[in-house]
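Student: Protein sequences appear in the order of chains A, B, C and D.
Per the numbering used here, the very first residue in the first sequence carries number 1; after that it's consecutive.
Per the numbering used here, the very first residue in the second sequence carries number 1; after that it's consecutive.
Per the numbering used here, the very first residue in the third sequence carries number 1; after that it's consecutive.
Per the numbering used here, the very first residue in the fourth sequence carries number 1; after that it's consecutive.
FYI, nobody ran anything at the bench for these hints, they're computed from the structure.
Errors might be hidden in some of the hints.
Stated by the list, open to error - When the alpha-carbon atoms are kept at most 30 Å apart in a straight line, the in silico DSBU-like pairs for lysine-lysine are as follows:
| id | chain 1 | residue 1 | chain 2 | residue 2 |
| --- | --- | --- | --- | --- |
| 1 | B | 35 | D | 133 |
| 2 | A | 69 | A | 35 |
| 3 | B | 35 | D | 59 |
| 4 | C | 125 | A | 35 |
| 5 | D | 133 | B | 33 |
| 6 | C | 59 | A | 69 |
| 7 | A | 35 | C | 59 |
| 8 | B | 33 | D | 59 |
Stated by the list, open to error - In silico negatives: residues of chain D with every beta carbon more than 12 Å from chain B:
| id | residue |
| --- | --- |
| 9 | 15 |
| 10 | 18 |
| 11 | 38 |
| 12 | 67 |
| 13 | 76 |
| 14 | 89 |
| 15 | 132 |
From the three backbone atoms N, C-alpha and C, an ideal C-beta is built for every residue, glycine too.
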Amino acid sequence: MIQLLYFARLREALGSDGESLDWQEPGTVAALKQKLATRGGAWQEQFAGNTSLRAAVNQELVPDTMLIKPGDEVAFFPPVTGG
Amino acid sequence: MIQLLYFARLREALGSDGESLDWQEPGTVAALKQKLATRGGAWQEQFAGNTSLRAAVNQELVPDTMLIKPGDEVAFFPPVTGG
Amino acid sequence: MMVRVQQEDFDVGVETTRLRLQYPQAGAVVSFTGQVRDLNDGQSIASLTLEHYPGMTEKSLAAIVEQAKQRWHIFDALVIHRIGTLPPQAQIVLVIVVSAHRGDAFAACEFIMDYLKTEAPFWKKEVTPEGAKWLDERASDHAARERWQ
Amino acid sequence: MMVRVQQEDFDVGVETTRLRLQYPQAGAVVSFTGQVRDLNDGQSIASLTLEHYPGMTEKSLAAIVEQAKQRWHIFDALVIHRIGTLPPQAQIVLVIVVSAHRGDAFAACEFIMDYLKTEAPFWKKEVTPEGAKWLDERASDHAARERWQ
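Please work from the sequences and hints to get the whole structure.
Tutor: In structure tokens, the structure reads:
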């Protein structure tokens with residue numbers, strides 16, 4: 001299993017702030033995005049078409065080539081706008 | 001007449017914080033320094049030998065070539081060290 | 001070093017005094033305070049809501065402060081960032097840096113703000129007369145950050 | 001714009017709040033606070049006495065702030081400089097700059113401090129265990145000022 005978190009504009013577009021997902025083998029962030037995009041609708045739109053999406057694994061920003069292992073916390077969010 | 005003011009290290013060296021001085025005709029800051037140096041002792045030391053001395057005429061920093069006119073306020077002081 | 005993410009307001013004077021009094025050899029304290037503007041891109045702002053990623057926010061702010069400490073001679077730094085819904089002219093963020101000499105404090109404080117703006121996981125949503133909208137990232141913030149590299 | 005030369009202490013929080021609340025379109029407030037260090041060039045400081053040139057001080061500070069306003073987009077600036085005898089860790093000087101965006105506020109605040117250090121007629125005398133001595137100007141302050149030219 002992995003823990004997924006969605007923030008801000010993405011959270012609102014998906015209507016979800018996160019979920020637990022079955023994840024048995026290490027796989028890349030890109031692979032996870034593809035998997036989520038197959039849900040269609042907003043999921044397809046956000047995870048296939050949205051090039052500005054950021055990913056963090058275990059609370060560190062990572063590129064799409066990063067491997068996700070079972071037990072990881074994976075967050076997706078738009079570019080940050082704090083300060 | 002002109003009004004002379006001395007500050008900080010210079011004030012202590014001269015033992016004076018200022019004076020009124022007879023000054024009938026326009027003359028340069030350099031000329032005034034020469035005149036004060038002729039008093040000898042600390043005056044000679046401060047106004048002839050001290051190259052770091054700063055001058056202000058009517059509260060504006062000026063070079064030694066600046067003309068002083070009767071009625072002016074002329075201040076001499078060491079480099080500033082505030083802040 | 002301290003990082004706080006909180007809903008409550010903060011007092012710039014209290015925080016500045018508390019920080020500098022810990023360092024008798026400090027000569028310079030530089031602070032940045034961010035304020036909610038009443039206008040943004042020409043639209044009036046009724047309120048601003050700040051969302052964040054608990055846990056990652058604190059880690060990323062601590063990492064930014066740590067980088068600043070490695071680049072400049074500073075004694076300490078404090079970052080406070082507010083979350084939740086804030087009215088115009090509310091304080092949003094405070095960064096304070098204490099150092100022996102002012103050049104280091106100015107540079108480190110600006111560095112921390114430039115990195116915070118582009119790395120710390122906060123998101124702003126504005127409420128305007130035309131409804132609510134999430135803010136987009138600003139090219140100028142990325143340009144500000146690039147300068148340090 | 002305001003310039004104050006005074007013996008009394010000041011409150012960074014009160015001054016920051018008062019200044020920013022006058023400008024609802026300001027997003028950035030940068031402040032510099034100077035503190036009397038307990039050590040200078042390796043010698044412990046019992047107290048620091050600040051002398052100034054009344055009249056010229058206020059004029060030169062006002063001129064420095066005016067230059068900053070011409071170079072950057074800032075809404076306002078405040079300068080408070082204390083005079084008289086101050087113990088270690090006392091506040092000496094406060095500069096606050098308010099602007100729409102942070103880059104202008106950081107630059108203008110640092111510019112004002114660099115010019116204040118080299119142009120405003122203040123002189124510091126330190127009391128140390130070996131007696132009292134007037135401070136010399138610092139080459140680093142002149143170098144800091146040269147950067148802006």
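Student: Does each hint hold? Answer for all of them.
Tutor: Hint check results:
| no. | hint | verdict |
| --- | --- | --- |
| 1 | 35/B / 133/D | holds, 29 Å |
| 2 | 69/A / 35/A | holds, 15 Å |
| 3 | 35/B / 59/D | holds, 29 Å |
| 4 | 125/C / 35/A | holds, 29 Å |
| 5 | 133/D / 33/B | holds, 25 Å |
| 6 | 59/C / 69/A | holds, 21 Å |
| 7 | 35/A / 59/C | holds, 29 Å |
| 8 | 33/B / 59/D | holds, 25 Å |
| 9 | 15 | holds, 17 Å |
| 10 | 18 | holds, 22 Å |
| 11 | 38 | holds, 18 Å |
| 12 | 67 | holds, 14 Å |
| 13 | 76 | holds, 20 Å |
| 14 | 89 | holds, 16 Å |
| 15 | 132 | violated, 10 Å |
Hint 15 from the list above is the single one not met by this structure.
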